[in-house]
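J.: Here are the chains, one letter per residue:
Protein chains: 2
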Amino acid sequence: MTTYHHGDLRSALLQAAGQILEKEGLGALSLREAARRAGVSHAAPYRHFPDRERLLADLAAQGFELLNAELRKRAEGEMGLGYLEFALAHPQRFRLMFGGQLSFNDYAELRAAGEGRYEDLQEVFGSLGDDAPLAAAAAWALVHGLASLILDGHFAQAQHESGGAAAFAKKVLGSVRVARAAQRSA
Amino acid sequence: MTTYHHGDLRSALLQAAGQILEKEGLGALSLREAARRAGVSHAAPYRHFPDRERLLADLAAQGFELLNAELRKRAEGEMGLGYLEFALAHPQRFRLMFGGQLSFNDYAELRAAGEGRYEDLQEVFGSLGDDAPLAAAAAWALVHGLASLILDGHFAQAQHESGGAAAFAKKVLGSVRVARAAQRSA
DNA sequence: ACCTGAACACCGTTCAAGT
DNA sequence: ACCTGAACACCGTTCAAGT
Numbered sequence: 085m086t087t088y089h090h091g092d093l094r095s096a097l098l099q100a101a102g103q104i105l106e107k108e109g110l111g112a113l114s115l116r117e118a119a120r121r122a123g124v125s126h127a128a129p130y131r132h133f134p135d136r137e138r139l140l141a142d143l144a145a146q147g148f149e150l151l152n153a154e155l156r157k158r159a160e161g162e163m164g165l166g167y168l169e170f171a172l173a174h175p176q177r178f179r180l181m182f183g184g185q186l187s188f189n190d191y192a193e194l195r196a197a198g199e200g201r202y203e204d205l206q207e208v209f210g211s212l213g214d215d216a217p218l219a220a221a222a223a224w225a226l227v228h229g230l231a232s233l234i235l236d237g238h239f240a241q242a243q244h245e246s247g248g249a250a251a252f253a254k255k256v257l258g259s260v261r262v263a264r265a266a267q268r269s270a
Numbered sequence: 085m086t087t088y089h090h091g092d093l094r095s096a097l098l099q100a101a102g103q104i105l106e107k108e109g110l111g112a113l114s115l116r117e118a119a120r121r122a123g124v125s126h127a128a129p130y131r132h133f134p135d136r137e138r139l140l141a142d143l144a145a146q147g148f149e150l151l152n153a154e155l156r157k158r159a160e161g162e163m164g165l166g167y168l169e170f171a172l173a174h175p176q177r178f179r180l181m182f183g184g185q186l187s188f189n190d191y192a193e194l195r196a197a198g199e200g201r202y203e204d205l206q207e208v209f210g211s212l213g214d215d216a217p218l219a220a221a222a223a224w225a226l227v228h229g230l231a232s233l234i235l236d237g238h239f240a241q242a243q244h245e246s247g248g249a250a251a252f253a254k255k256v257l258g259s260v261r262v263a264r265a266a267q268r269s270a
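Just so you know, the protein sequences line up as chains A and B, in that order.
Per this note's numbering, the first sequence starts with residue 85, numbered consecutively.
Per this note's numbering, the second sequence starts with residue 85, numbered consecutively.
The set of hints was computed from the structure by calculation and includes no laboratory data.
Check the hints yourself; a few may be wrong.
Chain copies aren't distinguished; within one or between two, either way the pair holds.
[What the hints assert, rightly or not] With a straight-line Cα cutoff of 25 Å, these simulated SDA-like cross-link-like pairs (lysine to any residue) come out:
| id | residue 1 | residue 2 |
| --- | --- | --- |
| 1 | 107 | 94 |
| 2 | 255 | 213 |
| 3 | 107 | 137 |
| 4 | 254 | 213 |
| 5 | 157 | 235 |
| 6 | 107 | 189 |
| 7 | 107 | 132 |
| 8 | 254 | 174 |
| 9 | 107 | 166 |
| 10 | 107 | 190 |
| 11 | 254 | 207 |
| 12 | 107 | 125 |
| 13 | 254 | 175 |
| 14 | 255 | 184 |
| 15 | 157 | 142 |
| 16 | 255 | 174 |
| 17 | 255 | 208 |
| 18 | 254 | 214 |
| 19 | 157 | 197 |
| 20 | 255 | 195 |
Whenever a hint applies, use it, and build me the whole structure from the sequences.
T.: Laid out in structure tokens, this is it:
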């Protein structure tokens, strides 16, 4: 126990910080509290992270990896649902990833993870030719906006719906899919 | 000058806080700094706001009023663009309004302002009957997601596009409008 | 190389005291 | 009724010092 940190303090801090984030929220996530839970002094984290922002960026990068893994499991038509389920299952993580706290351009891994999403989507819509980037952007925006607005509680129906928020989201996405089918048949 | 605060310290604090928010970002917005700029002691704000959260909620409510005013100026078909231009013009305010910092259910005015948006949209889509709530949700989600992702820098094209982010957004929204027209003609 | 303890400059919030 | 100043419990960050 006394030799717990044989070089893995960095991982221990990330794990502690992740628990604080998910259970208490971003506001409660301090380096000092993470250090406390890892059983080290408040100055120890600075051997592994230059500042709090960097710890948050690593936590967000973990989130992108998790999201990417979830989406890879899905068939093309179910990716939107996978995105939404991730947001509903990890609301605090999702907000850290997309809440605008982190300046993406300062952290290379973050930007790469975000772009990965977009590029995959463009491939899915590849059949549309020049319009693929626009269709991919629209699809991502729709699903992302839906997740954000549901998390913020902006759709009363999403809460009262039988089956919960996921059922509401499924309905909304379904209604758009109808429009897309109509377009194809035209 | 010495009698500057003849009962309007509350407004002065909101104005100072608004400037900090837009210029330095939410992270730099402390009650103490707002008090400093208003020329009062750090404890004075507590006569007008129970805590920092409440000041932030009032700032967000101001943002919703501004957004609503902008959208009322627009024709039905241009509302999405108005939403986007608001987000691009007031990125920090937009993030405060939708970043998930504030629990909407704790602040009645905030919830009312948010619901106002959604109800207006349902009227716009009223011709769709039972599907109006779903279509309204989809439209809001699309525009909101687009604004959020552009602000976070997730679309490289949006930055490099001639005409800037607004031009990119216009293209994306235009590509969706095509789909809707095809649906109607079917 | 990695961690500790003291130190500094900030916060949010409370409260007795002043006008 | 409204504001001030001191006070408390937190932070992020730095740095000399220890192992």
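J.: The structure should be examined with respect to each hint, and the outcome stated for every one.
T.: Going through the hints against the structure:
no., hint, in the structure
1, 107 / 94, "within (20 Å within a copy, 34 Å between copies)"
2, 255 / 213, "between (28 Å within a copy, 15 Å between copies)"
3, 107 / 137, "both (19 Å within a copy, 20 Å between copies)"
4, 254 / 213, "between (28 Å within a copy, 19 Å between copies)"
5, 157 / 235, "within (23 Å within a copy, 29 Å between copies)"
6, 107 / 189, "between (28 Å within a copy, 19 Å between copies)"
7, 107 / 132, "within (23 Å within a copy, 31 Å between copies)"
8, 254 / 174, "within (18 Å within a copy, 31 Å between copies)"
9, 107 / 166, "within (22 Å within a copy, 37 Å between copies)"
10, 107 / 190, "between (27 Å within a copy, 19 Å between copies)"
11, 254 / 207, "both (23 Å within a copy, 22 Å between copies)"
12, 107 / 125, "within (22 Å within a copy, 35 Å between copies)"
13, 254 / 175, "within (18 Å within a copy, 30 Å between copies)"
14, 255 / 184, "between (28 Å within a copy, 24 Å between copies)"
15, 157 / 142, "within (23 Å within a copy, 43 Å between copies)"
16, 255 / 174, "within (21 Å within a copy, 32 Å between copies)"
17, 255 / 208, "both (22 Å within a copy, 19 Å between copies)"
18, 254 / 214, "between (28 Å within a copy, 16 Å between copies)"
19, 157 / 197, "within (17 Å within a copy, 38 Å between copies)"
20, 255 / 195, "between (31 Å within a copy, 23 Å between copies)"
Figure legend: structure checked against the earlier numbered hints; every hint is met.
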